[in-house]
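Here is how the chains run, residue by residue.
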Amino acid sequence: MRNLLTLTRMRVRLALRNKMFFFFSIVMPIGFFFLYSGVFAKGEPMVVAYLLGPVLGLNVMGSFWGLSATLVTFREQGILRRFHVTPATAMDMLVSSILANYALTLPTVITELLLAKFLFHVPSLGDMTSILLLVSIGTISFGSLGLVIASVTNTMQETQVLNQLLWLPLIFLSGATIPFTSLSNTVQNVALFLPATYLVHGLKYAVFDGKGPGDILLPLGSLTVWFVLTLFLSSQLFRWEPEAKIGRKAKLYVAATAIPFILLGIWESGSGRIIAEEKVLIQRLDDLQQHDNRRAPRGDQQSTDPTKMDDAKPRN
Amino acid sequence: MPVKFLAGGARKMNDSSVAHARAPSDWSVRRAFPVNFFRNPMSDSVLQVENLTKRYGDVQAVRGVSFQVAEGEVFGLLGPNGAGKTSTIEILEGLRDADGGVVSVCGFDPRTQADELKHEIGAALQSTALPDKLRVMEALRLFAGFYKRRKNPEDLLKRFGLVEKRDAFYSQLSGGQKQRLALAIALINDPKVVFLDEPTAGLDPQVRREIYDVIEELRRDKKTIVLTTHYIEEAERLCDRVAIVDHGQIIAQGTPRELKQASADKTRIEVRLAREEAEETLGMLEGVSDCRSLNGNYVLHCQRPPQAIVSLVKHLEAQNNELVSLEIATPSLEDVFIELTGRRLRD
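Chains as they are written, first to last, in this note's numbering: chain A, 1 to 316; chain B, 1001 to 1347.
Rather than coming from a laboratory, the hints here were simulated on the basis of the structure. Mixed in with the good hints there might be a few duds.
[As the list claims (entries may be wrong)] In silico DSS-like pairs for lysine-lysine, Cα to Cα no more than 25 Å straight-line:
# : chain 1 : residue 1 : chain 2 : residue 2
1 : B       : Lys1178   : B       : Lys1223
2 : B       : Lys1192   : B       : Lys1158
3 : A       : Lys19     : B       : Lys1133
4 : B       : Lys1192   : B       : Lys1148
5 : B       : Lys1165   : A       : Lys19
6 : B       : Lys1222   : B       : Lys1192
7 : B       : Lys1178   : B       : Lys1158
8 : B       : Lys1178   : A       : Lys19
The shape of chain B in the complex, shown without the other chains (with noise of 0.2 Å):
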């Protein structure tokens, strides 16, 4: 399939074909994800991704991928990893060329106008570093050095809580530290679109709660950001709209609010028995809407769960089984994930 890029500005794009996403027939998503979820309300798109595919080899990374963001949008793209998250963003990016489908950001089409884009986005990328010897305020200057518009690299020190580490080689810094300079130098050309790939992977929770506040700050600003995430924490967090992405395709977006109320209000109880029993026994109790076993344990979505608790207690008594645990949890992004794919986000 011959490769058709914008060739200019925007393109003003048909909603209906940007915005369905590619779900494959035998997952009931239209059932659970009323079809206004794939549709962006939102007109002002500063980026707009159509059909998007990418393939390595034998490996088909990114099949079909659309949406559109808006500006000033905190956009998230959660997936597991190797479900091709950070292909798409690398070829926003106009690192990686796409094999096939339409994108435009800020106006630029990121394989043949990458010099122009790159002035008006920054990056924090995965799977990255700076030479251990450049200092702090060196490495801003640098970078500062790359870009017509910039800002006041002092500011961004302050802002980022690295003034004390200024003078300190790159080297010198922690997980934490690293990360926000990485952040600070994205900021540095005063950028259109930021993207920030997995920003807290790897980072202990602490830390990773450090960077959720500075990211809180850019979405306060109205900042136009598009980052990929593993975690549900940071999707439900940060992120104005999430894309959940599986297998190179995204299978849901909407906000996060409307992804969990698409889990109909389902809560979900965590159970572990001492001998096995048939998923579709379970599923059939009073008060389960649908169950599914997840290594070792089941999973039951119940809309009234003391019922279901009751029914489910019941009936293990009469098969003279045993409950071993049992856990209730809201409904997550996670939920929302496992009735999509029968998996869990981190399998």
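The following block holds chain A by itself, in its conformation from the complex (with noise of 0.2 Å):
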């Protein structure tokens, strides 16, 4: 315990000095915020909740990204072998890097929160409970899928290859980017089967329609069961030596972790739940603008205006 808290705490010291992490997981995430907020919701407060769930998805899912990153460029340059020598296990490496992204993810989330209440006025946030349990998951999960990357790849090239491979459909078919309800029926129906749909269905739920741990069982028993398994498979197949090169056949293991969301997305796409769901969130946000419209149909034009985003206030 001792050694994975030494470690986590280094991690986050390190992480904190490296231009390259305030970038991707600070300027980046708060960027993608404004973006949604300001432009593509247009500073309209039921809007902005709408979109705020694909705004954390995005900030959660990107923890893949440095984990894998980092983990290489320490097993390249011969970091992981010093700590070898000493008694910190492979298990601490692991599990202080999760950690060490959960500390820094955590308060990028609460200021994207904060700013949607306080600068966009969004009337609620839905269930804080949800929000922070899905947030939570949704990082170590994703920050443990990083882990899986950084032991299947042996050189950095690769490394960020299959991060490329990974993160594409991620975010643009999850939802997060792309709304979900804009995709056709088949790209619907592949959308199933990637943690990420469920991680951004989740938190739409969780915000936008203040859905408490039980209505979001899925999501959250979902993410739980990806992250022990990619947890376990990154464990089994981690590697402290540089020259320690991982063989085609182990690289298979990676799909080992897309297990859990085959056999979720096969179940889904027979029940229809989850684009049903979708279809129904996206009219609920139609409904209660035409209702906003309908109280204040001069305000529609001051609150499309991002440059005036204190005027977007709520009006009811």
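Fit the two chains together into the complex; they arrive one by one in their own frames, and the hints show the way.
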């Protein structure tokens, strides 16, 4: 336990001294927040609330980038092998990566929530317990995916290629960037096989619909199972030595991380529940906007101007 | 062959089975090096290795290495790159598993008791680094955090001359400073055995001497040290005992003095000639005990150098050959290595 805390402290300290960390973990997520809230939602509080789920989802999903890159750099530079000769274990190295990433992601998430509340005057941030639970399990499970990526790639180049290959479908199909309901029915069904879809869906429900933890058990449960699996796989595949290369067959282990969501995807595409719930959510947003417009018809013009965000106060 | 490691505490090993190096029969090791050079007279060993083997695919990196290291001793594994020194030391540190043999370090088997062992050993590894943005003092505190027993980081900073660099990032340190920090970290848990793998490789001569001073200080403190090196000077200057390693085997071991004496007080005369001569002919000259051709030079070992030189010059005159250069050197471990392998250490 002491080794874990020692390593976690070091990782947090090193991240705070890294310019890349500042850009990718603070500037970019906050930039996305302003892009979504100010430009896409035009400062409209209800739309900001609806888009807050995808914004938080993007922030949480990004965890795997930094974690995989850092661990591979540590291995390539022979930093890991120095720790190998100490009593620190592979699990200490892996779990400290996850913990440090969590400690560094949480403040950005809280900042985004506070900005939504006080700058964009979102009337309700939804169920805070649900949000925190989802953000937590999302951050640690996507972080753990990063550890598997670090374990199954031999060089930084391979790591970045795999990161890109995973990142693009995760952000484009999960509803984190392109609205889920705008995707064709086939693509929606493909998206049901991705962990990010359940994360973003759960976050939308927790923020926009104020659903309690009991109502988002599917995303919470599936991400937890996924976390346990990815952590187990990364601990089995962990390599301290730069010259210890992983065989081609072992790279297939990364495919094993997809198993929980392949099963869930088959189940969900059969039931069609997630797709139906997404339609209900967007319908509710439309209804609320129309209701708003009826109550304050002239307010719309003001609130669409992102430079006058203060005017976009809730009018009910 | 099934791997048999010690299950618990250090087992007292059969001295003869441990101490005999497995030298190839075609080398005249026994003639040049009396049997007692392969024996370790000290019984209070903290480190015992018996018939260690390690293979990487088709390459047999370590082929039956055996030695013991006594408490307070500085033991060196001297050999060219690729001789199997690093593989041996990494097995002792618990970083790699052996394929065969028996190993005990501080009474622990590195393969099955690595967790306990790691509290007792310190190491400065080859080709390792620390994160660029870690400060010197932070690095010491970080590593101190892993151990049950620990030294005061402030004392180590002073001892290794890093006080002024305490807040410097690792990336801002020079090669020598990085190596001093590596040594300081290796001592942070007040280890019973310190492993130094090529502690001065890649450093310039001045910095290398600086590191020698630090290691000599540890030697005065009676720290048990196992170091690998391919520098003759390092082995001669720092080690109480040296094992010469080549092709995964120990071909000789003893104190540097013993090993050099085994060269039978032979002075080395290295000559370059205008035209080639047969090694055998030069070896037969009066006063010359043997001759080997090395990279275009001829290395003559002789007990009576003046006589050897006179007979060499006479011979060259008779053959209408010329002496291009001549160099005389007192025996070093390099000569021991040449005598045993027919190669230079750095070839």
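We went through each hint and held it up to the structure:
At most 25 Å may separate the alpha-carbon atoms for a hinted pair to count; lysine 1178/B and lysine 1223/B meet this at roughly 21 Å. Taking the CA atoms of lysine 1192/B and lysine 1158/B, the gap is about 21 Å. The hint holds against a cut of 25 Å. For the hint linking lysine 19/A to lysine 1133/B, the alpha-carbon distance of about 11 Å falls within 25 Å, and the restraint holds. Between lysine 1192/B and lysine 1148/B the CA atoms are separated by roughly 13 Å; this keeps the pair inside 25 Å, and the hint holds.
Our distance criterion of 25 Å between C-alpha atoms is met by lysine 1165/B and lysine 19/A, whose separation comes to about 23 Å. Simply put, lysine 1222/B and lysine 1192/B have alpha-carbon atoms about 10 Å apart, close enough for the 25 Å limit, and the pair holds. With a C-alpha separation of about 15 Å, the suggested pair lysine 1178/B and lysine 1158/B falls inside the 25 Å cut-off, and the hint holds. For the given pair, lysine 1178/B sits about 24 Å from lysine 19/A by alpha-carbon distance, which is consistent with the 25 Å threshold.
Of the numbered hints listed earlier, not one is contradicted by the structure.
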